[in-house]
Each structure stands twice: as structure tokens, then as C-alpha cells.
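Order-wise, the sequence lines are chains E and H. Residue 911 in the working numbering sits at position 84 of the first sequence, and the numbers go up by one each step. Residue 204 in the working numbering sits at position 71 of the second sequence, and the numbers go up by one each step.
Wrong hints could be hidden among the right ones.
Distance windows between CB atoms, simulated [as the list claims (entries may be wrong)]:
(1) H/D281 <-> E/V994: 27 to 37 Å
(2) E/E1196 <-> H/A155: 31 to 41 Å
(3) E/L964 <-> H/E166: 36 to 46 Å
(4) H/A155 <-> E/Y1247: 36 to 46 Å
(5) H/D224 <-> E/L1152: 11 to 21 Å
(6) E/A865 <-> H/D281: 31 to 41 Å
Hints listed in this document are in silico derivations from the structure and should not be mistaken for laboratory results. A quick note: this is a predicted structure, and the numbers were derived from the prediction, not measured. C-beta atoms are modelled at their ideal positions from N, C-alpha and C, and glycine is treated no differently.
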Amino acid sequence: MNLLRDLADRFARWAFTVDPGTWPHTWLVHLGAMVVVAVLVLTFVALFAGPLSWLERRIAGRIQARVGPNRVGPQGAAQWLADGLKCFLKEDLIPDAADGPLFRMGPYLVFVGTFGAFLVLPFGAHVVAAQLDVGLLYVFAITSLVVVGLLMSGWGSNSKWALFGGVRSAAQLVSYEVPAAVALMTVMLQAGTLSTQAIVGAQGGLPWQWFLLKNPFLFAAFFLYFTAAIAEGNRTPFDLPEAESELVSGYNTEYSGMRFLFFFFAEWANLWTMSAIATLAFLGGWQLPGVTPAEIAASTGLAFAGWQLLSFVVFAVKASALVFLVVQLRWTLPRLRVDQLMIVCWKYLVPLAFACVAGVLVLLPLVAEGGLVDLAFRAVLSLLVLTLLSHYVRRIRQNYLVDREAYARMAGRPLFFPPYRLP
Amino acid sequence: MLATSTSTAPPRARGALGEYFANIGRAIATTFEGLVVTSSWLFRRPRTVQYPDRVEQPVQESLPDAYRGVLEVDMDACNGCMLCAKTCPIDCIVIDIVKNPETKGRDFTRFDIDIGKCMFCGLCSEVCKTGAIRHTTSFEASAARPEDLVLHFVGRPMPVPKHKATEAPERKPQGSILAQVIPPLGERRPWPGKGRSR
Chain E
828 MNLLRDLADR FARWAFTVDP GTWPHTWLVH LGAMVVVAVL VLTFVALFAG PLSWLERRIA
888 GRIQARVGPN RVGPQGAAQW LADGLKCFLK EDLIPDAADG PLFRMGPYLV FVGTFGAFLV
948 LPFGAHVVAA QLDVGLLYVF AITSLVVVGL LMSGWGSNSK WALFGGVRSA AQLVSYEVPA
1008 AVALMTVMLQ AGTLSTQAIV GAQGGLPWQW FLLKNPFLFA AFFLYFTAAI AEGNRTPFDL
1068 PEAESELVSG YNTEYSGMRF LFFFFAEWAN LWTMSAIATL AFLGGWQLPG VTPAEIAAST
1128 GLAFAGWQLL SFVVFAVKAS ALVFLVVQLR WTLPRLRVDQ LMIVCWKYLV PLAFACVAGV
1188 LVLLPLVAEG GLVDLAFRAV LSLLVLTLLS HYVRRIRQNY LVDREAYARM AGRPLFFPPY
1248 RLP
Chain H
134 MLATSTSTAP PRARGALGEY FANIGRAIAT TFEGLVVTSS WLFRRPRTVQ YPDRVEQPVQ
194 ESLPDAYRGV LEVDMDACNG CMLCAKTCPI DCIVIDIVKN PETKGRDFTR FDIDIGKCMF
254 CGLCSEVCKT GAIRHTTSFE ASAARPEDLV LHFVGRPMPV PKHKATEAPE RKPQGSILAQ
314 VIPPLGERRP WPGKGRSR
């Protein structure tokens, strides 16, 4: 907000030749700035959630040996526009026995809860809608609205499937908020702050300067947070609230048109939220290798804008990689049972998350920053991640090579097909 | 993903704590393996074809000859024995034959097959001695109105050909008669729209 408030002040000076500091209606300028920021962030969310819906279906298609949506626009890339337009034109149906106000409000609360989190997510070195000192706490508080929205729509639909979906999601979200928050607490302790920008600032641009590789407990906390966040986002393997085979579609069973779209809008927007939080907390956020945040802040004019853009690209690449992982997980893992869901949360994630917090607390005073132990932790964890990644790539190659010869012999054409193209 | 104590494959003596950590290990290992498998599929050629316009050859041509598609009747070969209409379990074949007082012969006035009813069992083509009625490989017979699904093989009344079953004329290429009865997909009658009466 600081940057945008400065910009708004500067704009006021230029356009109305008035100093906002002395002008009695400063709040008007700031209100205008707020609206502009809200519209900008909403545009970003829309431009992320929309194409992602198409991308996810394409990825799902390829994983299932299909093609996926491919008719609208080049490679089907405009499918999301067609879908959105279709939902706009659909009749807004409200069941007779539904609780009207609750039914109507549900989707918006879900969306507001998800959208509110974007307020504190940094997009670049100085690009953040609001620099709140309680950043991560605010995220957890505002995303709790989603539970209320889901319960509202589940109850208001007056349908047993929707009710079951709503109740399940409430149970799930309330449970998984605990391990997610506790896992992030490790980062808050390590960085000594709740502000998202300050947490990013406490890390460095190079992988071994990230919190992920700082010590084993933060390393484990990353995976704990990631698992819990997937569950909070109602994504497979934790998508019980919308289990198609059991609940038709869960809490959104009775919805149609725009309201139906809002649920999915929120779901895909939430993908960015969780990936961005994981990125900023563990993967170094927007930090650029070789440039300190102070240098970025000191630069002016075009250089400043360039750094902002570059840092946004770095952040987006990291977050997108996580988004891709979540999407791929959805088409990899089967759904958990309800009891297993609770077992995973309360018997595994919660104790492990608390163990991580304890570990970080113990290491914090013992391990000096830049000391021998610190370096050893970083070196060992970097090597571990490198080994895992190379093993991952090798196993993918193995899996592919197993079928290559047989396919070429049977089909008479090579098995390889680039992931980004249509047949 | 998380095996309970009842479903561990090799019954090994593990304490509760050992089982707990073994479960975590299994969860990580199986997720890793799953991701490996699905990742490898991103580089493989999709198995599906993009029907109808992006196929290497028309689907109809890739079907076997014995495929039981939409029926067609060669009216030059049919001797009007009506066996097909009698054997049809759901009576989707309707044949009308009348005496012609001028030629003293028999005339076809109607040979309709309702492919909306037809269940493609193949009994009619099996029972036909002349091979006049037979299945084609055509399957794209959808129409906007139910009545368009009734195929009319007799336009104006025509005499029933007089020949024995063994002397049936040369068979026409499969599907050639049907092509005259059903218009191509793009040229079929459009959906009448909302103004129609029920």
C-alpha cells in the first residue's frame, strides 16, 4: 500500500496541483487508490484462475492419455472464456426450498475469503497491496471466511448432498488450519515477523539461502504446510467436500450459472494463494540472486520498475511450479476416506508440525547465522534436494523408456509427444 | 496412501511407533512414485483421436465389414418375401405390398425402416435370402427430429422384382443405397426451434 499511496499522492500533486498532505480530502485520493488496487488484484486473480482452469484440464488430459479441451482458440486456450461466458448466460436457479439469503451469499463469502488473502501476498519486491505487519495471521483469519461461506451454501441449499459437503468441508478446513498455521509458525519464528514482505526479506535469492534449506525442521515444515494447504483448498486427495462419487458435487450441487462459477473461481484463486504463501515463506519469495532488497529500494526510475518486474517473474515462476505440482497431485492420488482424512491431520500433521516448531525453537539460539552448523545444514539439505530431484527425473525417464519400444513397434510411430502440443 | 494396521502386506513385527513412521515413509514413497508415473505421461502421445474432424481416416472406413450399422435395402434385389419384417423383434420394418390391377403383379408402396427403433440385432439381414437388406458401417444417423429417423426406401410405388433367391442381381457397394436415403450430416433438416407445437 505504501508504494501505491505514494503514487496516489504523486498523482494528486500532478493532476490537481494540490499537496495531499495539506488537502482536507486526502482520504478521497486514498480511497481512489484503494479501488484501483482492488481492481488490479481482481484482474490478476481472474487472469490467473481462468487460464488455470484450462491448463488444469489440459494437464489432466495428458496424464490420462487424452488431449483435453482443444477446440476454442489455439490449442483450446480460450476455453475458459467460453466457459465463463456460458456460465454468465445460464439461468440463476435457486431451489424452492432453499434458504434464499444464505444460498445467495454463500459463493460470495467463499470468494471474499479467498480474495482477501491476496491483499498481503507480495507480487514483487515492492508490489504488494497492503504491507500488513500481521500478514500471515491476517491470511489465516480471512481465509476462515471460506468455511462460513461453504457451510452457508451447504445448509442453504436444503439438499442432503450439499449439506454433507458443507459439513465435511467445515470439519476439514477447521482441522487442517491447525497444521497449516503451526507449520508456518516455524517460518514466523525463524524470521521473527508476521509480515509477508519481511519474511521474504529474511531470506536470500539463492536456493541455499531459502528457509526451505535452512534446517531440517523448516524443510519438513514446508511439506507439512503444503499438504495442509492442499487440504484447505479442497483439492484431491483431500477433496471430500466435493467427492463426485459420493456427494454429486458437494456444497455446490444446487448452484448454477455465475454463483457456481464463483466457487471454482475461488478454488483456482486459492491455488495461487497457497502456492504464493509457500513460496514466500519457504522458497525465498521474490528475492533475486545477487541483488539485495536494499539495492532494489535505492534504485530509481526505469531500473526500479525493471527490478519490480524481474522479481515478479521470479516469484511467479516459483509459485507456478507449486501450482503445477498441486494440479499434478490431483490427477495422481486417490481420494482419502473421511476417517483417514482426520487421521492424517490429527495424528500425523499436527504432531509433526509441533515437533518442527519445537525443533526450530531449539535450533534458533543454538545455531549461529552463517556459522559452521548453519552451513552444514544448508549444504546437506541442498545435496538432499538435488539428489531427490535428479532421482525424480531419472525415474520419470525410466518410466517413459519402459514403454517406448513397445509403443513404437505396435503403433508404428514414436511415443514421444511434446507436452505443450496437440496431436 | 496411509495403510492401517490391518492392511500391511508383509506381517512384520513393528511397534506402534515403528508403524507410525513406516506410514509416513509409505505416504512419501507412494506419492513420489505416483508423481513419477503421471509425469512420464506428460511426454507420451495421447491415445485418443479427435472425432470427427481430426481423424487420420474416416471412422466409418476403419470399421470391420461385419459391423452392424444403419440398415439399407437394395430394392432391385428384394423379392418382397417380408421375412425381415416378420422376424424383426421390435417391428421397426414396415413393408406394404399391393396388387397392381394393370400388370397383375405386386407393387411395393412402402419399405420403411425406423432406425430410431432399430436395435441393430442383425436378425433381418440374417434371414434375408437375397441379401437385399443388410447392415452398413454407417453410424452417424442422428437427426434433429424423430420422424427423420424413419428411412424410406420406396419413393413412388414400384414393382416387386421377380427373381429367385439364387439369381439376385450383383450387389451394390455397401452404403451406396443408404447415401441416397440419408443426407450428409451437414445437410439434414435443422432443429425446428422453439415454435414447434407439442
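Hint by hint, here is what the structure shows:
Range check, H/D281 to E/V994: Cβ separation about 50 Å, and the 27 to 37 Å hint is violated. Between E/E1196 and H/A155, the C-beta spacing of about 36 Å keeps the proposed range 31 to 41 Å intact. Under the hint 36 to 46 Å, the C-beta atoms of E/L964 and H/E166, about 37 Å apart, fit the expected range. Distance hint for H/A155 and E/Y1247: a CB-CB separation of about 40 Å, consistent with the stated range 36 to 46 Å.
Between H/D224 and E/L1152 the beta carbon distance is about 59 Å. The supplied range of 11 to 21 Å is therefore violated. For E/A865 and H/D281, the Cβ-Cβ distance of about 55 Å falls outside the hinted range of 31 to 41 Å, so the restraint is violated.
Figure legend: structure checked against the earlier numbered hints; hints not met, in rising order: 1, 5 and 6.
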